[in-house]
Amino acid sequence: MKKYIMVIGCLFCCVPLLAQVKTKAKPRHVAGLALISGKGIYEKYCLTCHQADGGGVPNMNPPLIKTSYVLGNKIRLIKVVLNGFSENVDIDGESYSNVMPSHDFLKDQEIAAVLTYVRKNFTNKAGPVTAAQVKAVRATNKKKA
Numbered sequence: 144m145k146k147y148i149m150v151i152g153c154l155f156c157c158v159p160l161l162a163q164v165k166t167k168a169k170p171r172h173v174a175g176l177a178l179i180s181g182k183g184i185y186e187k188y189c190l191t192c193h194q195a196d197g198g199g200v201p202n203m204n205p206p207l208i209k210t211s212y213v214l215g216n217k218i219r220l221i222k223v224v225l226n227g228f229s230e231n232v233d234i235d236g237e238s239y240s241n242v243m244p245s246h247d248f249l250k251d252q253e254i255a256a257v258l259t260y261v262r263k264n265f266t267n268k269a270g271p272v273t274a275a276q277v278k279a280v281r282a283t284n285k286k287k288a
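Taken in order, the sequence shown gives residues 144 to 288; the numbers are from this note's numbering.
Worth double-checking, as some hints may not be accurate.
[To be verified] In silico DSBU-like links for lysine-lysine, alpha-carbon gap of 30 Å or less:
1. Lys263 / Lys187
2. Lys278 / Lys268
3. Lys182 / Lys250
4. Lys187 / Lys278
5. Lys263 / Lys285
6. Lys287 / Lys222
7. Lys250 / Lys209
8. Lys182 / Lys222
9. Lys222 / Lys286
10. Lys187 / Lys285
11. Lys286 / Lys250
12. Lys268 / Lys209
13. Lys250 / Lys263
14. Lys222 / Lys278
15. Lys268 / Lys250
16. Lys285 / Lys222
17. Lys182 / Lys285
18. Lys285 / Lys250
19. Lys209 / Lys222
20. Lys182 / Lys209
21. Lys263 / Lys209
22. Lys250 / Lys222
23. Lys222 / Lys263
[Unchecked claim] Pairwise CB distance ranges (calculated):
24. Ala275 / Ser245: 16 to 24 Å
25. Ala195 / Lys287: 33 to 41 Å
26. Ala282 / Pro201: 31 to 39 Å
27. Lys287 / Lys182: 28 to 36 Å
In short, the hints are calculated from the structure, not lab data.
Just so it is clear, CB atoms sit at the ideal spot from N, CA and C, and this is done for glycine as well.
Whenever a hint applies, use it, and build me the whole structure from the sequences.
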């Protein structure tokens, strides 16, 4: 009888603890979700060329740290992700020669998330990019094609 009481007592004590362990904290707001998924997208598609610290590779892949492309016009930045680069590009007085492929296969929300991540990390302090902005640029690109 004492064994049953001890087992039942352990269950009453342990079950609430296990429930707490399995429960994940939910993000407080959507912007936090964008940063989380943006980081994952960056790690999957951007990190190889632009490096873990966003520093890029001299004369090949531009840095994402406080450049005019990252901190400046959002439309230009969105176009870079959608269209890529096939020629040398000058950014803030430096020339970069590596081809950047188009990432137009990413969804609008994914592009917005990764660009928001880049604009808010690597010591950057710029505003978010929205899926609506990406959608508008994508629509303009299709009209020109």
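Requested in this report: Could you work out which earlier hints the structure fails to respect and list their numbers in ascending sequence?
Outcome: Violated hints: none; all satisfied.
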